[in-house]
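K.L.:
As they're listed, the protein sequences go chains A and B.
The first sequence: position 239 = 239 (our numbering), numbered continuously.
The second sequence: position 64 = 334 (our numbering), numbered continuously.
These aren't lab readings, by the way, just hints derived from the structure by calculation.
Please note that a few of the clues may not be correct.
Stated by the list, open to error - FRET-style restraints, in silico, Cβ to Cβ:
| no. | chain 1 | residue 1 | chain 2 | residue 2 | range |
| --- | --- | --- | --- | --- | --- |
| 1 | B | 392 | A | 269 | 23 to 33 Å |
| 2 | B | 348 | A | 121 | 32 to 42 Å |
| 3 | A | 120 | B | 448 | 31 to 41 Å |
| 4 | A | 51 | B | 435 | 23 to 33 Å |
| 5 | A | 83 | B | 428 | 23 to 33 Å |
| 6 | A | 109 | B | 342 | 28 to 38 Å |
Claimed, not checked - Listed below are the simulated SDA-like cross-link pairs for lysine to any residue, each with C-alpha atoms no more than 25 Å apart in a straight line:
| no. | chain 1 | residue 1 | chain 2 | residue 2 |
| --- | --- | --- | --- | --- |
| 7 | B | 539 | A | 269 |
| 8 | A | 269 | B | 323 |
| 9 | B | 368 | A | 49 |
| 10 | A | 176 | A | 255 |
| 11 | B | 368 | B | 346 |
| 12 | A | 134 | A | 151 |
| 13 | B | 539 | A | 56 |
The structure presented is a predicted model; accordingly, all values stated were derived computationally and were not measured.
Positions of the beta carbon are idealized from the N, C-alpha and C atoms, including for glycine.
Now for the letters of each chain:
There are 2 protein chains.
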Amino acid sequence: MSTHPLDIATALKRLGPERLEGRTSEFYSNVGGPFGGFTAAALLRAVMEDERRQGAPVALTVNYCAAIADGAFEIECRERRTGRSTQHWSLELTQGGKAAATASVVCGARRPVWSHRTATPPVIAPADTIPPYKFPREGGWLDRYEMRFAAGATDFSPRDPQDLREPVSLLWMRDKPDRPLDHIALAALSDAFIIRAFVVRGVFTPVGTVSLTTFFHADEEALRRQGAEPLLCHATAHVFNGGFFDQAAELWGRDGHLLATSTQIVWYKE
Amino acid sequence: MSTHPLDIATALKRLGPERLEGRTSEFYSNVGGPFGGFTAAALLRAVMEDERRQGAPVALTVNYCAAIADGAFEIECRERRTGRSTQHWSLELTQGGKAAATASVVCGARRPVWSHRTATPPVIAPADTIPPYKFPREGGWLDRYEMRFAAGATDFSPRDPQDLREPVSLLWMRDKPDRPLDHIALAALSDAFIIRAFVVRGVFTPVGTVSLTTFFHADEEALRRQGAEPLLCHATAHVFNGGFFDQAAELWGRDGHLLATSTQIVWYKE
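Next comes chain A alone, as it looks inside the complex (with noise of 0.2 Å):
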């Protein structure tokens, strides 16, 4: 049994055939609720313990429909259909019966056809020679992914509000304490990106993930490979619109491969 915080926060009880309970953490906590990318590890969870599984995730969305209260939480995982190449599964986070989450899980069997990488690693320096970022605040989810960022962090200092960076941040990113590689942290990186509108306007606005859709583009083998070194990430967004902005990412492991490409959308207040 793990050890790892991300371990024992996402652990959980089975209720039913289809029905888990889970805790909230204080390894993942946010402001106004759990990391978003720990309730999509959970979420997934749910279905990497179902005996019925075939194949490992190639699919996940994650809807976030309301704050997630400090406690406990239900998760009900239906598996809708199998199929000879592809299993879909949908589920539901619950508190007092009512939605917080909802999210969709699809896997499948790689299989050793015509495979061809199209896209390139973008260019960044050694993670050993890039210093690991220093949150402005600690505690938390905060405290649970080591940075190192070429381009793109902020530090929340005062600017000018004409200073609009660039939405792109490009870093090395792991689990801190380290973890070897598994779909459900590859699930909880690919949340855990400094908010787009932070990078842009280097202030502080509220702001909550939408919906979040990460594609893993390798399987469990592949993952083990990548073992517990850092991922190579690159985030950016394309238009920041009337309260809804969003976030395209990729996270990228040895050998030029790209491991899991994710988008998300995320509300924001003003």
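Given chain A, work out where chain B should sit, using these hints.
P.N.:
This is chain B only, laid out in the frame that chain A set:
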């Protein structure tokens, strides 16, 4: 009542508060079931026509679980949580009681807050200077879109298997016959790109979209301003690995406004 094929094909009959009935249509038929964009549009229509809906679509995810047989299907459309900023819906399309697609829709109200456009539209020749693409076959959904390619069309003519092309398509695209844009049409358009594997390899291989996520970046009024003008569209892929590849697409409207971004992951046989 619109007589456009999209509106005829996606018409739904209400069976109950959260149940509707639809039918596949020859207007949007494809190999082995309807065009995936039709399925996305029908599912989104179920939310658009629900009297409980608040706001316009922000995010849509459709998971394609199994081939949809020609004929009737049912859609279960469940409101899961409505908050001040967002409204969350879970949907399932069934035939004979078995899930053929699952989906989630998030609606939200855009507000006149800080907005900022960081992505810029790709450069392309005017639509009227590019001849419409002629598909190698006719019928069904292929007759429903006018595409004018500046790059990344494929003619499926035999070529060297080592001759792999860029995974990028750049084109003008709109409904055929033309139709004023709305979120339902935009959902379908977001799945109307030529399959990336065909563009890269120039050969046909059995494929099927597994999961599609579209983020909408414009409200209903902004889409009305677009009218029936063609959208500037860009699609690319990052990786084809072991039977699954991704696609990332942008759909741009007038005045350089990004109307939607979309990602999908697609199963391919060989």
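K.L.:
It remains to establish, for every hint, whether it holds in the given structure.
P.N.:
A quick look at each hint next to the structure:
Range check, residue 392 of chain B to residue 269 of chain A: Cβ separation about 32 Å, and the 23 to 33 Å hint holds. About 41 Å separates the C-beta atoms of residue 348 of chain B and residue 121 of chain A, a value consistent with the hinted range of 32 to 42 Å. Under the hint 31 to 41 Å, the C-beta atoms of residue 120 of chain A and residue 448 of chain B, about 38 Å apart, fit the expected range. Range check, residue 51 of chain A to residue 435 of chain B: Cβ separation about 43 Å, and the 23 to 33 Å hint is violated.
About 32 Å separates the C-beta atoms of residue 83 of chain A and residue 428 of chain B, a value consistent with the hinted range of 23 to 33 Å. Checked against the given bound of 28 to 38 Å, the beta carbons of residue 109 of chain A and residue 342 of chain B, roughly 32 Å apart, stay inside it. About 45 Å separates the Cα atoms of residue 539 of chain B and residue 269 of chain A, which puts this hinted pair outside 25 Å; it is violated. As the CA atoms of residue 269 of chain A and residue 323 of chain B are separated by approximately 21 Å, the hinted pair is consistent with the 25 Å bound.
With a CA separation close to 24 Å, the supplied pair residue 368 of chain B and residue 49 of chain A stays within the 25 Å bound. Between residue 176 of chain A and residue 255 of chain A the CA atoms are separated by roughly 22 Å; this keeps the pair inside 25 Å, and the hint holds. Using a Cα cut-off of 25 Å, the hinted pair residue 368 of chain B and residue 346 of chain B holds, with the two alpha carbons roughly 12 Å apart. A hinted pair counts as satisfied when its Cα atoms are at most 25 Å apart, and residue 134 of chain A with residue 151 of chain A qualifies at roughly 14 Å.
Proximity of residue 539 of chain B to residue 56 of chain A is assessed by CA-CA distance (about 17 Å); at most 25 Å being required, the pair is judged to hold.
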